[in-house]
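Colleague: Listed below, chain by chain, are the residues.
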Amino acid sequence: GAVVSQHPSWVICKSGTSVKIECRSLDFQATTMFWYRQFPKQSLMLMATSNEGSKATYEQGVEKDKFLINHASLTLSTLTVTSAHPEDSSFYICSARSTSGRTRTGEQFFGPGTRLTVL
Amino acid sequence: QKEVEQDPGPLSVPEGAIVSLNCTYSNSAFQYFMWYRQYSRKGPELLMYTYSSGNKEDGRFTAQVDKSSKYISLFIRDSQPSDSATYLCAPLTGANNLFFGTGTRLTVIP
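These protein sequence lines are chains A and B, in that order.
Read in order, the letters of the first sequence are residues 1 to 119 in this note's numbering.
Read in order, the letters of the second sequence are residues 1 to 110 in this note's numbering.
Please note: incorrect hints may appear among the correct ones.
Unchecked claim - With a straight-line cut-off of 16 Å between C-alpha atoms, the simulated EDC-like cross-links for lysine to aspartate or glutamate are:
#, chain 1, residue 1, chain 2, residue 2
1, B, K67, B, E3
2, A, K41, B, E5
3, A, K64, A, D27
4, A, K41, B, E15
5, A, K14, A, D88
Everything labelled a hint here was simulated from the structure, so no lab data went into it.
The model shown is predicted, which means the values in this text are computed figures rather than measured ones.
Construct all of the structure, not just a fragment, from the sequences and the given hints.
Modeller: Below, the structure is given as C-alpha cells:
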C-alpha cells in the first residue's frame, strides 16, 4: 500500500504558540489530502479537504484562520494550528488520495497521526 | 442523528472466538462501505471494503452490508491477539467523502 508520513509524531507546546504539522505522501502523488482530528475514544472528524494549488475546504465549525492548511505540492500538505490552546489538544491525522485512481473507491491512505498536547 | 452509529465497546473476547462488529447509517447516498483498523496511537489502515449490499470475504474477515436496513457488519473468525485494535466503519459517498463511526475497541485475550 501507499505510504503517508506525518511529522512530528508528538508535540507539546505552550498555550499561545503555533504548531505546524506536515503530511507527506512518500511513494505516490496526491491531488487531495484530508485533515482529521480525533479526540480520545471518539471517531475521526474531518476538519478540511485540501487540494493541491487551491484553498482548502473547511468543514462546518472548523475555524480556517486558526487551522491554516497549505497544499503546495502533490506530496506535501501542512496544517498549522495558530495560537494553540489546551482545547486544541488532540490527535491530528492526515490522509492522501492517489491521483492514479489505484482503486475505484478513491482510497485514502492515512498517516500515523500527530499527537498535540497544549499546556 | 449521526451519519454513522457504532457501538464503541470495549469488546473483549477469548482467542479463537468469532467477533461481530456492527454499524448503522442513515445516508442512502453511501455507496462503498469501508472497514478500517486502528492500532493505539496510529493512523487507520484500510482492512476491506464492500460495494452496495452483499458479503465479501478476505481470509478470516467477512464484511457484510444490508442496504435495505442500513446495517454494516464485520465478522472476524478465529480471532487472534494481534486483532486487538479499534475497528472503524466508514461509509463512502460517491463524492469520495468518508464518514467514520466512533470505532469499536476490541481486545482478544490469549
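Colleague: Any of the earlier hints contradicted here, and which numbers?
Modeller: 3, 4
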